[in-house]
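Visitor: So the sequences go chain by chain: A and B.
FYI, numbering that gives the first Met the number 0 numbers position 245 of the first sequence as 244, with every residue one higher than the one before it.
FYI, numbering that gives the first Met the number 0 numbers position 74 of the second sequence as 73, with every residue one higher than the one before it.
Do not take every clue at face value.
[What the hints assert, rightly or not] DSSO-like mimics (lysine-lysine), calculated; alpha carbons at most 27 Å apart, straight line:
#1 A:K47 - B:K64
#2 A:K202 - A:K253
#3 B:K82 - A:K46
#4 B:K72 - A:K46
#5 B:K137 - B:K163
Calculated from the structure, these hints are not laboratory results.
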Amino acid sequence: MNSRNPQLNENGALQHLLTTEGLPVSVLLHILDTAESFVGVTERDVKKIPLLRGKSIFNLFFEPSTRTRTTFEIAAKRLSADVINLNIAVSSESKGETLLDTVNNLSAMNADMFVVRHAQSGAAHLIAKHVRSDIRVINAGDGSHAHPTQALLDMFTIRRYKREFRNLRVAIIGDILHSRVARSQIHALTTLGVPEVRVIAPKTLLPKMVERLGVHVYHTMEKGLKDIDVLMMLRLQNERMTGANLPSFEEYFKYYGLTPEKLSLARRDAIVMHPGPMNRGVEIDSAVADGKQSVILPQVTFGIAVRMAVMSILAGNQT
Amino acid sequence: MQLPDAEELFQILAKKIRSAGIQNIALVGIHTGGVWLAQRLHQELDIQHPLGMLDVSFYRDDFDKRGLHAQVKPSEIPFDVEKSNILLVDDVLYTGRTIRAAINELFDYGRPGRISLAALIDRGGRQLPITPQYVGAKLKIPDNQMLELQRDDNDKLSLKIYDKTSNHE
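Whole structure, please, built from the sequences with the hints as guidance.
Guide: Right, dumping it as structure tokens:
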């Protein structure tokens, strides 16, 4: 079996960004450090640099998303790339074209980079395997598998507020079972050296053998939030819920919704994160979402800088 | 090849800038050597405007060939560029492409009233129509060699020459 990480070229440079799993710490830090300089760019009057001028970036969204697609679009435009948005849920797939046919057609239009979101786990990997070697692929979320740019922007946010990873206790709270964000976060956090990652969720919302990812499992907020520095809330994925995972949203909120009372169980300087869009009153109380420990809006701002960093690193790395 | 003493060159450069008597000047150093020099000049010439720093990596014209440098440092222009009188500072002036990138970047912060250029060493070999106003020394360096400014733990500046084939850039 070929053991080489399909995301890296022979020199260990990032070729595609498909998952945070298996990425070396040096690659993660290079992305975070590069993003740091893009934050400066996004704060200027002219929020644009000429780095990717003349490059064509295709946003291939096989699954509806406004927020993520928009942040990728803004990131690409700030790098001076041309962005083409394709909402394929209502386009060729409904006419029966296969995923790879779609990609081949777009490659023939001289695409330089694909940003892919797909309901099927592994879709971005499949595309990366089949595209011409000079095309770059970024996974913008595949099924319940991975969402690496979200995890990277979360890491960036944590580093901004907490400086160091090696002395932190981090809790990921909510629907771990359906969450590609949680998986990518766990891999990134452990690679960056966070000594204690906890997941807090009811049994029905945890994948089997989640401990194998190196996390500590808690079923109550009371125990799980003690001494926590960073709370990473997850969105309750009602559209992915099949069957009776939950009795009701009210009951979920009662036990796992983040209220000011529950937040007070964590460290006093703990930060609260959420990948959005939030279900207020389901997984998070408005008083917390809008409170002074919340860094949810800065996450959105940093997300653009992080996506700029990923795009420019990929575009600059030779095949 | 006998290289001149960087500290002496710095004094020559500072003297030339001082005797030009330019008013209300703002300094912008180009990472990394240019920033060291700009920091020193900022003290030496008692400049009022806070010091600016540029990392021109995002504006380079060889991004397609070289990709992104491992450590891009944030650019920081802590004064209003609009109508300002900017002195760009770099260590070694060669092809002029770095200066082109720096000027482009400055214009993304605003429209400067004037930009002039100071370099510790002008090694010739220009590929663009760029001329420095202040130079510490002119040196003839073969094309297959790199000239680099270095700084030791006591902030002392020195010059080092490499063959281009080695890993130093």
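Visitor: Against each hint, give a clear statement of whether it holds in the structure.
Guide: Outcome of the hint check:
{"no.": "1", "hint": "A:K47 - B:K64", "in the structure": "holds, 21 Å"}
{"no.": "2", "hint": "A:K202 - A:K253", "in the structure": "holds, 16 Å"}
{"no.": "3", "hint": "B:K82 - A:K46", "in the structure": "holds, 20 Å"}
{"no.": "4", "hint": "B:K72 - A:K46", "in the structure": "holds, 17 Å"}
{"no.": "5", "hint": "B:K137 - B:K163", "in the structure": "holds, 20 Å"}
Going down the numbered hints, you'll see the structure goes against none, and every one checks out.
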